[in-house]
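Peer 1: Letter by letter, the chains look like this.
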Amino acid sequence: MSYTVQFINLLAAILLLISFAMLSQRRILSLINLFAWQGLVLSVSTFVVAYSTAQQHLYFSAALTLLLKVLVLPWLLHRLIRKLNVRWDVETLINIPATMLAGIALVIFAFNLAAPISQLAEGITRGLIGIALASVLLSLLMMLTRRKAVTQVVGFLAMENGLFFAATSATHGMPLVVELGIALDVLVATFIFGIFFFQIRETFDSLDITHMEKLKDD
Amino acid sequence: MRSWDNLQGGEKATRMDIAGVLPLDMAGTIIVLWLALGVLGLTLRGKPHLIANAIFPAGAVASLALAAIGLWALGAAADVAILPLGLPDLPLHLRLDPLSAFFLVLLGGASFGVSLFGAGYFRSMPGKTLGLLCLEYHLFLAGMALVLLADDAYMFMVAWETMALSSYFLVTTDHRIPDIRKAGYLYLLVAHVGAIAILLGFGVMQGGQGIGAYTFDAMRDAHLSAFWSSVVFLLALFGFGAKAGLLPLHVWLPEAHPAAPSPVSALMSGIMLKTAIYGILRFTFDLLDMQQWWWGVLALALGLLTAVFGVIFAAVQGDMKRLLAYSSIENIGLLLVGIGLTIIFHVYGKDALAALSLTAMLYHSLNHAFFKSLLFTGTGAILHATGERNMGRLGGLIRKMPWAASLMLIGVLAIAGLPPFNGFVSEWLLLQAFLLSPGLPNSYINMLIPVVAAVIALSAALAAYVMVKFYGIVFLGQPREPALEQAHDAGIWERAGMGWLALGCVVLGLAPVFVIRQLDPVTQMLIGHGLGNSAGGWLFLTPVDTERASYSPVYFLLAVLGVMLATALAVRRFYHGRLRRGPAWDCGFPEQTARMQDTAEGFGQPIRRIFEPFFRIEREAPSAFDTHPHYHGRSDDRIWLFLYLPIKRITETLSSWVSVLQHGRIHLYLSYTFATLIVLLAFM
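Keeping their order, the protein sequence lines are chains A and B.
Residue numbers for the first sequence follow our numbering, beginning at 1 and rising by one.
Residue numbers for the second sequence follow our numbering, beginning at 219 and rising by one.
Extracted from the complex, chain B is given alone in its bound form:
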């Protein structure tokens, strides 16, 4: 990709720019604007309606502008800037290349909808909390944008930590609830363990060359040996995996997402997890100049495990935000599978296939940003309307919240991978990459890949099952609680935000050829090969060969609409028109209540039975003669028991040894200093 840079460097002078303003400058302006909005929000604490109705929409407009800038920069050459800030000998470097530009589009596009939604969602918050939240929210956005633009390790780590800390404070917005504080602490802990790994990775790449070697340019030029490259890759996989929620570092995700306010969950799940994906891509394909085939296998295996784990756990959740959090874990797993596949193909020189799987993976991250943000904001609307996160107490909301229900239906169909929505396109592309893979020189991988494809298909199917459960339990059937009668639909801002995200799902699903063309510069940059115009005309998506497979969402949609229309006409034509209304068949049991409907628990039961070894199940069922029957069931993660608790115990033992030093007496501490000083003076 270095050659690519040089190639594009020549065109730099002739490239289009509006009145001499480069995309990078404009992106920087957006970041500054976000920070200014955040501070402004803090000063407007006394006027919460102003923050909700002015600051958040303004931030949303800035997001949209950032997406446009990213889209524009996708086709342009890499653009670098050195800020007059930073460490001595290491000023802050920024760089906007196609990879950053793509993720900026993702960030801007998804956060536009979320910020609009936030304008409505946060309006009822007390001013003081809202002012702080507004600052943290925009700081979070700015931090993520800076992570994408950073071009040296220092800038990257500062932005990364800004992102982690601001999101920590966002997660703990309701810090008076102990569980939320606990969730926030867990998140912070995992985030920092990951950050240390990333920092170590930078350290290895820098290779003791002095502070100037912390720029990404110097790292690109450093030719590491295979061993050290592998060390860097493993550190990056660990560090970014902790942020992305990769097994076994996923534990914070199902805790933090339900704890955070819904728009924040949407940002974290839809966008922040993608910055980790960005980091892995940046490290693997840009900063390191070589890859090993086993990296791909490792990523593939981990991704697969994560995907299956995530979707199985999503299937048994009763809390809708936890369900979505586990679903995010599944999607991150799929993305990692895409990365692994890309590495394998790239190492074996099959760059056309590598481009295909990379395109599928990038496409899927964009899709996930949209549909997951949509679903999380949707849960926010439900939460506002009912105050309930537990699906066992919801139901029948489609009648009370028609707007939210229909917009979320789009999100649910998209995430379930149904055409003509966007989820289908990326999953289809990924499976195409698998199906076209035979012919690798490594026979083990050759044998393995069909199995992997089968597991991907399984997790996609299970994801659809999860979404049926999610939508069916929450929106369909009868309300399970009388309080649900008072539920109100989403407000105008909420509708606008969700509408934008739903529109994104539809457009990304209907115009895959256009999207893939935009992705071309990114794959060109990372692996030196693009899908190019193999996509064929604008109607048909043909990743490799017309004879093998092609997909046209527009025709598909037309066909579906045609069949529906024909059916409607036929019914109209042949329907006899005699109508009789009678009571529904009640299975011979006349007293039916809403509580007799299938519950979230019940719907997930088969999955829990089939995948029983995955769970640690705790159940307490009442006996037949119980006058106050009480049922209690919990399905926990075994990893927590077998990995985290031992680590916790070891850490506690070690720290109890250290705490022997802690007496609380200042004189003793001073004596430590004194003794150290004397010893060093005497012996050094």
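For reference, chain A alone in the conformation it holds in the complex:
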């Protein structure tokens, strides 16, 4: 029980806070900035875990996270919304306070669920699984309640952040090969989403995914 553990716990709390902030955020630009902050927190926490457990490859994943989630992906998303000109407010399906309440319920659920696993978990990171799980569920909730395609993608990426946090905190990271693979997947997925945005807008003149309801088979 040293400073590192305390520090990681603090970072976990910040992560959860950012998740809530994203859930309540109405503007896409701020949402992307929040996503970048979340990436930074993730990167720092990975770095701290690497330091405390002296695992070399976690340094690499920390650097990778920093590069990809703090710099490249936010930059890509910024460019995307500039090109698509969609900096306006996010329209939500359910109003924000109700979403927040649902989010709190989810966090309780996640902690409850993670309790038995935390009992089993060894080492410095006990109790963080609940937070990781909660941020995954919160991101899913965000995808669920937003209208615009861009926010859905941010939600998807944030979900991956939660998973990554669970991996580093609970199991001291995955093998580097797996992490590289996931990082590449996320990058490629963002590119593909970007292309899809243009296609969607070209087809429907809007990025509002309610238009896609027409696509169903009658």
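Hints were generated in silico from the structure; no laboratory data involved.
Each hint should be verified, as a subset may be incorrect.
What the hints assert, rightly or not - Here are some chain A residues the structure puts well away from chain B; computed CB gaps all over 12 Å:
1) Lys83
2) Met142
3) Gln152
4) Gly181
What the hints assert, rightly or not - If you anchor each label on the Cβ, the simulated ranges turn out as follows:
5) His57/A - Ile896/B: 29 to 37 Å
6) Val897/B - Asn95/A: 24 to 32 Å
7) Ala115/A - Val897/B: 12 to 20 Å
Just so it is clear, CB atoms sit at the ideal spot from N, CA and C, and this is done for glycine as well.
Based on these hints, arrange chain B on the given structure of chain A.
Peer 2: Same frame as chain A, but now just chain B:
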């Protein structure tokens, strides 16, 4: 047959090979070559003449090489290879044993002719379509070869699906026509239902032993109980039956064959259907180590039904490619009868007879590959020359297309089962197997078999009737349309391809003893018994006993030629030489036109009358006072109405229930995911 493997295994080291290269390696090279040619064809889209004049002939040469490799491997021991590809713990296994080798000979031999024909047939296609077609065509060939070589379930299914998908795209080459898209869809549907059954069959044989047990070797060693063996057999019969066009899964055949370009129909009918026969043989006699007598009875009954059904429907068709498609159904039925008979004999320990019927069946598949490919390519030549598939608008083409007509005459005579061509030999052998069958311990089967033989004879006779109709309506008489005057004969590539296939029909008919000797390793492998040298000398084919029956096509041919020569001499000798030309007798009706000839409809009329309960007939005949008389007749398949439409309705109802879930709203779909996740997290 395991013991056979072991026996041959010892000889493996001493067996002949050219400079250390095994037949399997060479077959693999051919497959790679085909794939490379296909890709090359795709890159040469801008130069269609190059694809037609270089790629297709090159593919044809590869086919011929494959046939030679197969012929060589027939006598050699089984050869296995494990590729460094595939799933974890399940690399791809290949195996070239006599059964595969025989079907490779069939594939190579028939596709050589078809590819040569294709070189001419496809030359007028636009480059972009042709490039794609070239890729699919060679992918199709490679897929079929891999099906024959596969030695594990994964490899087999991948090859099987490659074959199905590439042939789907070949069928829908003219995808702008809605009917062709529909035919392709039906084909794809039936093919996939069949593939699922095959996959389930593999699953049963694998028996939950882990992924390593998906190799054929592991399946051969797994001793299934009688019940599970029967389940596997039924699944295989269903799955491969769907591909082969077995009743009642034949519906795609008469739709897909006319839709596809003619060389593709030739490949599908001549070769692809045989891969299904190969599959049934592989499952029944190789992978399963026991057979039940009732499997044989089931196969026999289904085969018989299919054969009679096919030939009766062939008799009433007006579209020449549909006619040939139904004729393929008939031949598949005959092949299945052969398989059924083999199973019955084998179970009752009459291995000499089992070898006879198996030989007849294998022989017939080889023959069918040649004559059906010949006929389909022939329809392609006609289609190119006239643009017409409907026999009611053809006629008198023998004068405009002497090459195509004479080559097709060989095919028609062969398929009708007339000596000295190849069709006669295999049908004769099959009937011999029937006639020699009494003495089985099961009295019901004993009583049944003469009846079956009679039905086989009936369908053979009806097949001859169908071919008289086909040839007579298309080539003989007067042209029914003025446009037919512009018909041109087949080009040089087409002639070469058809010539090769016709040559195959003649050679297979004239050298049965040689062919049967080559088939010996296959029957040895599958049922542990061969016809061996019971065939006697090289001239006479005597399947069982000289006193019972023997056949020498060479003597037969010589006798026929002798009689013809004698007749010609006699006519010359006694003919008085006074010649008078006058108008033909016109039945007292002077105004005769080409439209008064017997039509395809009219020729098929008696059959339609006799077998009326088989058809669903829709007719609309004009009254005597109609100023614009219009006749319309359709004979449909009752199975479609009574089996497929109810299945379709049930499927639609079920899927309409499922489609309640489909709203098109991403949020709803995400909520499904979310709810599933929460439920699983909370309760699991």
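Peer 1: Once the closest CB in chain B is found, is it more than 12 Å from glutamine 152/A?
Peer 2: violated, 7 Å
Peer 1: Decide, holds or violated, for the assertion that all CB atoms of chain B are farther than 12 Å from the CB of lysine 83/A.
Peer 2: With a cut-off of 12 Å, lysine 83/A remains clear of chain B, as the shortest Cβ separation is near 22 Å.
Peer 1: When you look at the beta carbon of glycine 181/A, is every beta carbon of chain B farther off than 12 Å?
Peer 2: holds, 16 Å
Peer 1: Compute the least Cβ-Cβ separation between methionine 142/A and chain B, then decide whether it is above 12 Å.
Peer 2: violated, 10 Å
Peer 1: Quick check: does the Cβ-Cβ distance between alanine 115/A and valine 897/B fall within 12 to 20 Å?
Peer 2: holds, 19 Å
Peer 1: Indicate whether the distance between the beta carbons of valine 897/B and asparagine 95/A respects the range 24 to 32 Å.
Peer 2: At 26 Å between Cβs, range holds.
Peer 1: Do histidine 57/A and isoleucine 896/B keep their Cβ atoms within the hinted range of 29 to 37 Å?
Peer 2: Once the Cβ atoms are compared, 34 Å apart, the range 29 to 37 Å for isoleucine 896/B and histidine 57/A holds.
Figure legend: structure checked against the earlier numbered hints; hints not met, in rising order: 2 and 3.
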